[in-house]
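Student: Given next are the chains, with one letter for each unit.
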Amino acid sequence: MKKLAITLVVNDTEHELLVAPNRTLAQVLREDLGLTGTKQGCQVGDCGSCTVLLDDEPVNSCLVLAAQVTGRRVRTIEGVADGNRLHPIQEAMVEHGAIQCGFCSPGMILSAKSLLEKNPDPSNGDIRQALSGNLCRCTGYQKIVEAVADAAQKMGRA
Amino acid sequence: MLLPRFEYHRPARLDEALAILAQHQGQAAVLAGGTDLLVGMKHKLMKPAHVVGLEALEGFGQIQEQEGMLLLGPMLTASALAGEPGVRARATALALGAGVLGSPQVRNRATVGGNVCNARPAADMCVPLLALGATALLQSAHGAREVPLSEFFLGPGRTVRTPGELLCGVKLPAGGPGVGSGYQKLGLRQALEIALVNVAAFVALEDDGQTVKTARVALGAVAPTPILSPGAEAALTGQVISEELIRQAAQAAAADARPIDDHRGSADFRRQEVLVLTRRALQQAWQAARQD
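Taken in sequence, the protein lines are chains G and C.
All residue numbers for the first sequence refer to our numbering, where the first residue is 6 and numbers rise by one.
All residue numbers for the second sequence refer to our numbering, where the first residue is -10 and numbers rise by one.
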């Protein structure tokens, strides 16, 4: 299995990596770059725990080969806050009690971030649809939806 | 869950891709979005020695319109098709189907080429494409051929595509005035769902705005492949469209369905739902045809 030289721009930093072709983007982010905020749940694209933004669009990084996305931009949960200042979505998640075990939160936040970038004033239905690929087994979703709606409002006012 | 080992190829030119497929006949899997292939490989259902990624091929993600036909590149994602105004207007059923496939994350990766080649009986893009009269454009190192989708699917996961062939595009007539299509999907939940039954309908009206020139109804999850309903087509063609005619066509479609009982629903329920969804899809198509 010949290793491949790839370039990934992760959270605005360019990385040159040598990866085996059968390694997923999720594995490379977690194991090679130490970005363990990206979680691995089902690993077959059902749960959304491994959601990252690929050129600003949410994807399941467990179903992307690292070699497939050479040269592209990736944003993980580590690249959402501004230094020690949480992103408004992260803040709202904390305030609304939308984080319980926390395993789904990185993926939820990235899906929400992608939504609010495209649609700063989403309806309840828009939010639910945008988060429909992220499973949460703790909260029952309501608090997460409320948090995203609140973040949208606060970001709109800022 | 780890992927088995394989050699990865990332051709930048079509002839290069075709040469790799010719060289590794049967040993090479084609990787488009990966939302099916990589799942199958993780579950060890497939263990290809070579994987050929299409992401670097030029033009494979483009939409072209020429001589009344839409030419879809195989790497167009479900998200791209669902959001593209040209597809929404001219191939409405496809945009609707693409928009309800999987989850947002899956739609951002899943491609039309992958959906067609994976040939699942309930595939959210295959059923609309069948109703829209689409054709698969296949190429190999030895030549090219065009296969209507109505002859493309052989069974669940099986198509007429040979291991040396690559799906290089999907061609379909672009809708315009007097033409409309619709798509209806029934699942047990609202998102991330494989259809229990899905139906796409296409209607083209004569210049009088009421006589059906051409109509097609495609049914998903009620046979080993997505199928066309000959009964619905016969019931509609040449007739003046009306609610009553749509009801008759829906009955004919239900009679053409060959559903089975499985863990997601019974055959009887599926046949009932074909009736309901066909009616709704035809109403949608009729309304769209009147609006243009």
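In case anyone wonders, no lab produced these hints; they're calculated from the structure.
A portion of the hints provided could be inaccurate.
[What the hints assert, rightly or not] Quick list of the computed label-pair ranges, beta carbon to beta carbon:
1) G/ASP17 / C/LYS33: 31 to 39 Å
2) G/GLY76 / C/SER231: 54 to 62 Å
3) C/GLU56 / G/ASN124: 46 to 54 Å
4) C/GLU47 / G/ARG90: 36 to 44 Å
5) C/HIS32 / G/GLY107: 24 to 32 Å
6) G/VAL49 / C/SER231: 43 to 51 Å
7) C/ARG178 / G/GLY107: 18 to 26 Å
8) G/GLY161 / C/GLU140: 33 to 41 Å
9) G/HIS20 / C/HIS252: 26 to 34 Å
10) G/ARG90 / C/THR203: 36 to 44 Å
11) C/LYS202 / G/ARG133: 45 to 53 Å
12) G/HIS20 / C/LYS202: 56 to 64 Å
Quick reminder that beta carbons are idealized off the backbone N, C-alpha and C, glycines included.
Student: Does each hint fit the structure? Answer for all of them.
Tutor: Each hint tested on the structure:
The supplied range of 31 to 39 Å is met by G/ASP17 and C/LYS33, whose beta-carbon atoms lie about 37 Å from each other. The hinted window of 54 to 62 Å between G/GLY76 and C/SER231 holds, with their beta carbons roughly 55 Å apart. The hint said 46 to 54 Å for the Cβ distance between C/GLU56 and G/ASN124, and at roughly 36 Å that hint is violated. The beta-carbon spacing between C/GLU47 and G/ARG90, approximately 42 Å, falls within the hinted interval of 36 to 44 Å.
Between C/HIS32 and G/GLY107, the C-beta spacing of about 28 Å keeps the proposed range 24 to 32 Å intact. Between G/VAL49 and C/SER231 the beta carbons are some 47 Å apart, a value that agrees with the proposed interval 43 to 51 Å. Roughly 25 Å separates the CB atoms of C/ARG178 and G/GLY107, a value that falls within the hinted 18 to 26 Å. Distance hint check: the CB atoms of G/GLY161 and C/GLU140 are about 53 Å apart, inconsistent with the given range 33 to 41 Å.
Distance hint check for G/HIS20 and C/HIS252: the Cβ-Cβ separation is about 44 Å, which falls outside the suggested range of 26 to 34 Å. In this structure the supplied range 36 to 44 Å is violated for G/ARG90 paired with C/THR203, their Cβ-Cβ distance being about 60 Å. Look at C/LYS202 against G/ARG133: about 40 Å separates their beta carbons, and that is not inside 45 to 53 Å. Distance hint check: the CB atoms of G/HIS20 and C/LYS202 are about 57 Å apart, consistent with the given range 56 to 64 Å.
The structure shown violates the earlier hints numbered 3, 8, 9, 10, 11.
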